[in-house]
Amino acid sequence: MAKKQFKAESKKLMDLMINSIYTNKEIFLREIISNASDAIDKLHYESLTNKDIKVNKKNFEIRLTPNKDARTLTISDNGCGMSKEELENNLGTIAKSGSLNFKEENEHKKDIDIIGQFGVGFYSAFMVSQKIEVISRAYGSDEAYSWTSSGIDGYTIEKAVKDSYGTDVILTLKEDTEDDSFSEYLEDYRLKGLVRKYSDYITYPIKMEVTHQHLKEGSDSEYETHTELETLNDMVPLWKRDKKKIKQEDYDTFYSDKFMDYEKPLKVIHTSAEGLVSFNALLFIPFHAPYDFYTKNYEKGLQLYSNGVLIMESCSDLLPDYFSFVKGVVDSPDLSLNISREILQQDKNLKLIAKNIETKLIKELTSMMKENREDYEKFFKAFGANLKFGIYDQFGMNKDKLKDLLLFYSSEEKKVVTLQEYVSRMKEGQEGIYYACGETTGKIDLTPQVEQVKDKGYEILYCTDYVDEFALQTLMTYEEKKFLNVAKDNLNLDTDEEKEEVKKLNEDNKDMFTMMKETLPDIKEVRFTNRLKSHPVCLVSEGNISIEMEKVINAMPTDEQIKAEKVLEINKDHKIAKKLEHLYETDKDALKDYTKILYAEARLIEGLPIDNPTEITSLICDKLAEE
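Residue numbers in the sequence shown follow the working numbering, run continuously in steps of one, and reach 675 at the last position.
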């Protein structure tokens, strides 16, 4: 029979699909199996509406038959089959989809479950095949036809022999090369693995004769083999089963197998939605962060299925960055796929699913925090920094969603508390929410700046994550209460009388402070303060950049370096204050030495480096040696 030619545009499309669209050759099996499932779905649906069609759903199946000697892999189904005209229309003209047309024509009917890309993904098989033969017999017909092609050169259609209705897709695999081993697609273990990965939840059994080997009875070295027909897929995914019949260990096993985690998940969220978009989802909050979670190699996202067929291993669009730790699967029949199932068109349905999942996660985390605080604190210890980053990121666009999920260590409660819990017990007349930043809660508790605030009976939130202050500054307020850094110059805890007293004292000593400031060029101001009780000295900052922000940003692996506007504050009631006043009158050179030492001390308290440690240690030794 004369070979028929593909149209010019079809040749280009085939070449594009084989060489560009599909970067992962192994998905050819997913495509052929999905088409087989479509054909069975179509026959099953028609049997429900046409009494002349007599089929038993229990007999539907897809069969894989590898033949190493002939280098062929056959995928068979007992679905609707195709007539000669349908072979021509569906396979002869690339990108014409019989199943898709069928689905569009009947989209108002609820019982249809067609994946819907037949005639397009089929050609991905040319990535691994040197020849494809499709033998098909339509249900109700006595005639079978064979469609054969070796690629873009064209195809033939001729009569064939087939005992029953359905379709056989026979792939003659390419010869192996240095870069590609096509023979692996004839191995039992490889085919089983691909079915489990991509087609595990196809609703019809996918069967294959599998060879098993075992020792002969009574022998230590002789083996015998036998074959048995195995069903390779689970068919009904866990997320589509009745929740009431699923045990916790079922979820735990699924999570462990799917996501390779040795520890059980902290939280399981099994949800579904119907309406503008329908989907089922099974989400897991891990007990701990993955080993690569904070590296650039970590890939966020959920496994995305369409009618039980794996479309994307990791769909990042389904999760915001602040929920990047969430693992799970989403399955929806309402996704708009382009000619490669691997690539999603960014349509409203995907965005609706993502929005629904985000809302569900926030609701579940809020519920966990209120009803199971111990587990929530474990979660927050592992992933709280993510939520704080979510508040700071995108100019605070998500801050109102996340603010009530935050926890901070309380100076008063000696444990982590929420912002709402802090505000609920604020003292009458308290201006804002006080916080202090540092490496650990223990170190923060010892800093000079917290002393006055605690002495006046105010609760302080201790911030130990690098992102904490950025998040709080993005929030700005909580329930109309401002966030106030205890290390800022404008804390305003003094009485009017105390303010006047220290103002007069600083005015009387302004010449001394001018000299001291000239000794410290990177200091904006030196002054006495009421802020300190037992400590002699501290650093505070003016403006939007705090000292902690300076440390965080300058520690990042970038060229960006910033400086906070620092003020050296000296305890007016400490004996060092009188010493400085005395030195100004009697020994100005010594005053300069003391100024350098006090500034170095203040930097050490803040965890800042000392630029001239040798000079400072020499000065300290000199002062210690004085009589």
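Just so you know, these hints were derived from the structure itself, not from any lab. Here the structure is a predicted model, which is why all the values come from computation and not from measurement. Just to be clear, a hint being listed does not mean it is correct.
To be verified - Each computed DSSO-like pair below joins lysine-lysine, with the alpha-carbon atoms no more than 27 Å apart:
(1) LYS295 to LYS51
(2) LYS312 to LYS255
(3) LYS292 to LYS344
(4) LYS315 to LYS179
(5) LYS51 to LYS179
(6) LYS502 to LYS429
(7) LYS207 to LYS240
(8) LYS73 to LYS293
(9) LYS295 to LYS491
(10) LYS429 to LYS558
(11) LYS558 to LYS529
(12) LYS399 to LYS106
(13) LYS102 to LYS207
(14) LYS572 to LYS475
(15) LYS572 to LYS462
(16) LYS315 to LYS418
(17) LYS644 to LYS671
(18) LYS418 to LYS396
(19) LYS105 to LYS73
(20) LYS288 to LYS408
(21) LYS291 to LYS132
(22) LYS291 to LYS264
(23) LYS599 to LYS671
(24) LYS399 to LYS306
(25) LYS116 to LYS102
(26) LYS475 to LYS344
(27) LYS611 to LYS626
(28) LYS255 to LYS105
(29) LYS245 to LYS102
(30) LYS411 to LYS399
Unchecked claim - The calculated label-pair distances, taken between Cβ atoms and stated as ranges, are:
(31) ASP452 to LEU672: 50 to 60 Å
(32) THR113 to ASP63: 45 to 55 Å
(33) TYR346 to VAL209: 33 to 43 Å
(34) LYS207 to ASP369: 53 to 63 Å
(35) ASP395 to ASN420: 32 to 42 Å
(36) ASN420 to THR113: 29 to 39 Å
(37) ASN115 to ASP369: 16 to 26 Å
(38) GLU265 to GLU361: 23 to 33 Å
(39) GLY241 to GLU276: 17 to 27 Å
(40) GLU297 to GLY490: 17 to 27 Å
Ideal Cβ positions, reconstructed from N, Cα and C, are used throughout, including at glycine.
Tested hints:
no.: 1; hint: LYS295 to LYS51; verdict: violated (58 Å)
no.: 2; hint: LYS312 to LYS255; verdict: violated (32 Å)
no.: 3; hint: LYS292 to LYS344; verdict: violated (40 Å)
no.: 4; hint: LYS315 to LYS179; verdict: violated (49 Å)
no.: 5; hint: LYS51 to LYS179; verdict: holds (14 Å)
no.: 6; hint: LYS502 to LYS429; verdict: holds (26 Å)
no.: 7; hint: LYS207 to LYS240; verdict: violated (33 Å)
no.: 8; hint: LYS73 to LYS293; verdict: violated (38 Å)
no.: 9; hint: LYS295 to LYS491; verdict: violated (46 Å)
no.: 10; hint: LYS429 to LYS558; verdict: violated (48 Å)
no.: 11; hint: LYS558 to LYS529; verdict: violated (35 Å)
no.: 12; hint: LYS399 to LYS106; verdict: violated (37 Å)
no.: 13; hint: LYS102 to LYS207; verdict: holds (25 Å)
no.: 14; hint: LYS572 to LYS475; verdict: violated (33 Å)
no.: 15; hint: LYS572 to LYS462; verdict: violated (35 Å)
no.: 16; hint: LYS315 to LYS418; verdict: holds (14 Å)
no.: 17; hint: LYS644 to LYS671; verdict: holds (12 Å)
no.: 18; hint: LYS418 to LYS396; verdict: violated (33 Å)
no.: 19; hint: LYS105 to LYS73; verdict: violated (32 Å)
no.: 20; hint: LYS288 to LYS408; verdict: holds (18 Å)
no.: 21; hint: LYS291 to LYS132; verdict: violated (46 Å)
no.: 22; hint: LYS291 to LYS264; verdict: violated (45 Å)
no.: 23; hint: LYS599 to LYS671; verdict: violated (30 Å)
no.: 24; hint: LYS399 to LYS306; verdict: holds (25 Å)
no.: 25; hint: LYS116 to LYS102; verdict: violated (36 Å)
no.: 26; hint: LYS475 to LYS344; verdict: violated (45 Å)
no.: 27; hint: LYS611 to LYS626; verdict: violated (31 Å)
no.: 28; hint: LYS255 to LYS105; verdict: holds (16 Å)
no.: 29; hint: LYS245 to LYS102; verdict: violated (33 Å)
no.: 30; hint: LYS411 to LYS399; verdict: holds (18 Å)
no.: 31; hint: ASP452 to LEU672: 50 to 60 Å; verdict: holds (53 Å)
no.: 32; hint: THR113 to ASP63: 45 to 55 Å; verdict: violated (29 Å)
no.: 33; hint: TYR346 to VAL209: 33 to 43 Å; verdict: violated (54 Å)
no.: 34; hint: LYS207 to ASP369: 53 to 63 Å; verdict: holds (58 Å)
no.: 35; hint: ASP395 to ASN420: 32 to 42 Å; verdict: holds (37 Å)
no.: 36; hint: ASN420 to THR113: 29 to 39 Å; verdict: violated (52 Å)
no.: 37; hint: ASN115 to ASP369: 16 to 26 Å; verdict: violated (48 Å)
no.: 38; hint: GLU265 to GLU361: 23 to 33 Å; verdict: violated (44 Å)
no.: 39; hint: GLY241 to GLU276: 17 to 27 Å; verdict: holds (18 Å)
no.: 40; hint: GLU297 to GLY490: 17 to 27 Å; verdict: violated (41 Å)
Violated hints, in rising order: 1, 2, 3, 4, 7, 8, 9, 10, 11, 12, 14, 15, 18, 19, 21, 22, 23, 25, 26, 27, 29, 32, 33, 36, 37, 38, 40; the structure is consistent with all others.
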